[in-house]
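Enquirer: Please take these sequences and the hints and turn them into a complete structure.
Quick note, the sequences are listed as chains G and C, same order.
Going by this note's numbering, the first residue of the first sequence is number 21, and it counts up by one from there.
Going by this note's numbering, the first residue of the second sequence is number 81, and it counts up by one from there.
Warning: the hint list may mix true and false statements.
Stated by the list, open to error - Below are the EDC-like pairs computed for lysine to aspartate or glutamate, each with C-alpha atoms no more than 16 angstroms apart in a straight line:
#, chain 1, residue 1, chain 2, residue 2
1, G, Lys382, C, Glu188
2, G, Lys382, C, Asp187
3, C, Lys322, G, Asp67
4, G, Lys288, G, Asp278
5, C, Lys313, C, Asp324
6, C, Lys314, C, Glu227
7, C, Lys290, G, Asp66
8, C, Lys290, G, Glu32
9, C, Lys290, C, Glu323
10, G, Lys382, C, Glu195
11, C, Lys322, G, Asp66
12, C, Lys313, C, Glu323
13, C, Lys302, G, Asp67
14, G, Lys199, G, Asp85
15, C, Lys313, G, Asp66
16, C, Lys290, C, Asp324
17, G, Lys199, G, Glu189
18, C, Lys302, G, Glu32
19, C, Lys317, C, Glu227
20, C, Lys302, G, Asp66
What the hints contain is simulated information worked out from the structure, not anything from laboratory work.
Because the structure is a prediction, the values reported are computed rather than measured.
Letter by letter, the chains look like this.
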Amino acid sequence: METLGKLAVLAEGAKYDVSCSSSGSAGRRGAVGSTSLGGICHSWSDDGRCISLLKVLFSNDCVFDCAYCVNRRSADVPRATFTPRELADLTIQMYRRNYIEGLFLSSAVVGSPDDTMIQLVRTATILREEHRFGGYIHAKAIPGASASLLGALGLLADRMSVNIELPSETSLRALAPQKSRNSILRPMAFIGGTIEERKKWRRSGRSGPAFVPAGQSTQLMVGASPENDFTILRLSEGLYRSFGLKRVYYSAYIPVADNPLLPARATKPPMLREHRLYQADWLLRFYGFRAEEVLTPEQPDLDVALDPKTGWALGHPDFFPVDVNRASYEEILRVPGIGVRSAQRILTARRGHLLDGDDLGKLGVVMKRARFFVACKSPAFPAFPAGGDLRRLLSSPPRGKEDSRQLRLEF
Amino acid sequence: MAVWTFDGTFNGFLCLIHESSRRKERPEGILGGGKNQPFLFETVPTETDEGLAASVRTALAARLSRRVLTEGYYAFLSAMPGREMAVYRYFALAWTAGPGAAGLLADERVRTVHEAGRAVSRERHRFLGLLRFSELGGVLYAPFEPEGDILPLVAGHFARRLGGERWIIHDTGRSKAAVYENGTWRIAGFSTGGPLPLSGREREIRDLWKRYFSSTAVQTRKNPGLQRQFMPKKYWKHLPEKEDADGIR
Chain G
21 METLGKLAVL AEGAKYDVSC SSSGSAGRRG AVGSTSLGGI CHSWSDDGRC
71 ISLLKVLFSN DCVFDCAYCV NRRSADVPRA TFTPRELADL TIQMYRRNYI
121 EGLFLSSAVV GSPDDTMIQL VRTATILREE HRFGGYIHAK AIPGASASLL
171 GALGLLADRM SVNIELPSET SLRALAPQKS RNSILRPMAF IGGTIEERKK
221 WRRSGRSGPA FVPAGQSTQL MVGASPENDF TILRLSEGLY RSFGLKRVYY
271 SAYIPVADNP LLPARATKPP MLREHRLYQA DWLLRFYGFR AEEVLTPEQP
321 DLDVALDPKT GWALGHPDFF PVDVNRASYE EILRVPGIGV RSAQRILTAR
371 RGHLLDGDDL GKLGVVMKRA RFFVACKSPA FPAFPAGGDL RRLLSSPPRG
421 KEDSRQLRLE F
Chain C
81 MAVWTFDGTF NGFLCLIHES SRRKERPEGI LGGGKNQPFL FETVPTETDE
131 GLAASVRTAL AARLSRRVLT EGYYAFLSAM PGREMAVYRY FALAWTAGPG
181 AAGLLADERV RTVHEAGRAV SRERHRFLGL LRFSELGGVL YAPFEPEGDI
231 LPLVAGHFAR RLGGERWIIH DTGRSKAAVY ENGTWRIAGF STGGPLPLSG
281 REREIRDLWK RYFSSTAVQT RKNPGLQRQF MPKKYWKHLP EKEDADGIR
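Expert: Okay, structure coming up:
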């Protein structure tokens with residue numbers, strides 16, 4: 021097959037992986053290429069997702085038969101495999117034209133996990149050593165691959181990820197019989213541990229190449245299996261805490277197979293649920309919330325009509341109003357309508373003078389929501405009104421279409 | 081009313097500031113570059129001296145802070161009408177108020193410059209991703225039409241990134257370009273006299289990119305509104321992945 025045909029097949033096979041971030045790596049620079057700490061988006065595809073990396077599979081010729089996957093062995097799809105040199109050259113040509121920020125290097129399991137990893141290491145080696153490529157490389161660790169190969173790939177990549185996909189061992193056993201919790205968590209623990217070790221090593225003044233400097237991430241499917249949001253959020257919290265993950269991505273499951281254990285083909289992907297999970301994830305990472313504050317065993321699913329921060333605020337009337345002229349950063353962050361940036365601006369601006377409602381608007385606070393939860397110089401905003409009305413006021417407007425195309429969501 | 085004129089460059093603007101402080105007079109209007117001279121008003125022409133500009137820059141950085149100076153520089157490069165006078169007022173305020181002036185967002189003079197500067201910074205970041213090079217006879221060539229005068233803000237990034245290449249980034253609206261060769265870039269007047277022909281090899285690589293672009297979209301999640309929100313149509317003209325999309329609408 022020609023490169024053009026392979027590219028179509030292998031992009032098709034990789035597109036359900038939502039991660040495309042090129043951030044977190046600073047100061048890498050080669051003969052061709054450099055990385056930018058905040059990452060750079062180069063285009064936006066027809067589904068509105070940012071294109072930052074050339075996201076393809078090395079091969080889609082899989083020996084595994086995971087029920088939820090387009091590339092499962094039993095699926096009737098065209099198969100293709102790049103050569104390491106072909107993929108490396110393609111990356112360089114696209115990179116020089118500023119189409120992309122780097123390569124997202126993933127693969128189906130060809131032969132064995134280790135055989136596959138060897139091909140990925142070869143591709144990355146050609147890029148880094150022959151082309152002296154300094155751009156971004158996100159590499160997938162293949163579940164079940166040996167530690168030495170993970171170690172080799174980690175020295176070439178900026179970011180690595182192992183996808184958990186299914187949030188529980190039970191679902192994994194039912195839908196991905198060749199994978200196990202262990203075959204996924206072991207590489208994750210190895211990568212996390214080596215990153216830590218390397219950091220300590222470099223902090224103590226010794227030099228050496230960085231290992232996965234932009235950290236690791238993972239992906240969970242939402243709606244393929246029966247786990248509730250509480251289970252998912254607790255799992256994410258644990259991953260952030262124990263493996264130091266940079267990101268957990270959530271992917272609304274798009275049915276690609278007829279299987280009685282999976283949602284039927286006509287099922288719409290749960291886009292709004294995915295969006296709410298991202299918002300809740302943000303609360304964990306940037307707003308100082310714990311999973312148990314957002315959800316409980318009694319109320320294990322996010323309310324799709326409300327963003328989870330507003331949901332929390334409505335359940336905690338005693339916490340409000342928050343006086344923006346006196347409250348701590350952490351308290352201000354809990355106000356619906358105030359984000360990380362506007363909270364920081366409030367702290368700076370209030371040094372100059374007492375803030376009033378107009379000031380808050382100018383500082384980027386969404387007053388439509390925040391006005392019920394803040395106190396400031398003037399005007400006196402309505403005191404926290406009783407439950408039902410406020411809930412209705414703050415709910416997202418009803419959506420015309422079920423697939424919620426209007427959703428403005430960045431992922 | 082006295083309108084002060086200068087050559088339109090940032091260095092010229094810095095010299096104008098120096099002249100105003102030397103004379104202890106404040107301009108009531110500032111006009112840069114080739115704009116029509118207003119003959120109804122008294123004009124005060126000022127000279128540009130690169131050496132003087134460098135020392136004014138150092139002095140401003142020391143007293144106003146780098147941050148205020150950079151913010152003013154970005155706003156100066158914006159397309160906002162009256163940007164010269166706005167930056168002048170901002171620097172004048174910061175000269176008395178000190179570096180803290182950057183935080184006085186409730187002050188109109190600060191907010192105007194802050195917002196214009198942010199728009200330029202956003203546009204710069206956008207183009208770091210959206211600029212597209214084509215290989216033409218051994219040179220990488222990227223045309224674009226930015227709103228702000230952002231060539232000097234993007235050139236450094238590509239000098240680091242494509243250090244081993246020769247490249248030209250062409251601001252077609254302003255008929256000038258950043259030209260990179262032998263490890264350094266400079267800005268010069270530039271025009272091509274029309275679109276440049278692409279080689280067969282270049283076409284092939286574009287086709288690969290276009291194929292990738294269409295294959296990577298998840299059809300069940302199509303969302304043209306979201307796509308345009310991040311990548312407005314005004315940018316499509318120079319994007320190979322959108323070159324066939326124009327007729328469709």
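Enquirer: Run every hint past the structure and note whether it holds.
Expert: Now for the hints, and whether the structure bears them out:
1. Restraint check for Lys382/G and Glu188/C: satisfied, since their Cα atoms lie roughly 11 angstroms apart, inside the 16 angstroms limit.
2. Between the alpha carbons of Lys382/G and Asp187/C the distance comes to roughly 11 angstroms, so the proposed pair stays at or under 16 angstroms and holds.
3. Taking the CA atoms of Lys322/C and Asp67/G, the gap is near 14 angstroms; set against the 16 angstroms cutoff, the hint holds.
4. The hinted pair formed by Lys288/G and Asp278/G meets the criterion: a straight-line CA distance of about 14 angstroms does not exceed 16 angstroms.
5. At roughly 13 angstroms between alpha-carbon atoms, Lys313/C and Asp324/C fall within 16 angstroms of each other, so this suggested pair holds.
6. Restraint check: the Cα-Cα separation between Lys314/C and Glu227/C comes to about 11 angstroms, which is no more than 16 angstroms; the hinted pair holds.
7. With a CA separation close to 12 angstroms, the supplied pair Lys290/C and Asp66/G stays within the 16 angstroms bound.
8. Of the supplied pair hints, the one linking Lys290/C and Glu32/G holds, its CA atoms being roughly 13 angstroms apart against a limit of 16 angstroms.
9. At most 16 angstroms may separate the alpha-carbon atoms for a hinted pair to count; Lys290/C and Glu323/C meet this at roughly 9 angstroms.
10. Under the criterion of a C-alpha separation no larger than 16 angstroms, the hint pairing Lys382/G with Glu195/C is consistent with the structure, at around 11 angstroms.
11. For the hint linking Lys322/C to Asp66/G, the alpha-carbon distance of about 11 angstroms falls within 16 angstroms, and the restraint holds.
12. Taking the CA atoms of Lys313/C and Glu323/C, the gap is near 11 angstroms; set against the 16 angstroms cutoff, the hint holds.
13. Taken as a hint, the Lys302/C and Asp67/G pair is honoured in the structure, with Cα atoms around 4 angstroms apart against an allowance of 16 angstroms.
14. At most 16 angstroms may separate the alpha-carbon atoms for a hinted pair to count; Lys199/G and Asp85/G meet this at roughly 10 angstroms.
15. About 13 angstroms separates the Cα atoms of Lys313/C and Asp66/G, which keeps this hinted pair within 16 angstroms; it holds.
16. About 10 angstroms separates the Cα atoms of Lys290/C and Asp324/C, which keeps this hinted pair within 16 angstroms; it holds.
17. Note on Lys199/G and Glu189/G: the hinted pairing holds, with a Cα-Cα distance of about 10 angstroms set against a maximum of 16 angstroms.
18. With a C-alpha separation of about 15 angstroms, the suggested pairing of Lys302/C with Glu32/G holds against the 16 angstroms cut-off.
19. Of the supplied pair hints, the one linking Lys317/C and Glu227/C holds, its CA atoms being roughly 14 angstroms apart against a limit of 16 angstroms.
20. Taken as a hint, the Lys302/C and Asp66/G pair is honoured in the structure, with Cα atoms around 6 angstroms apart against an allowance of 16 angstroms.
Comparing the model with each earlier hint shows no violations; every hint is respected.
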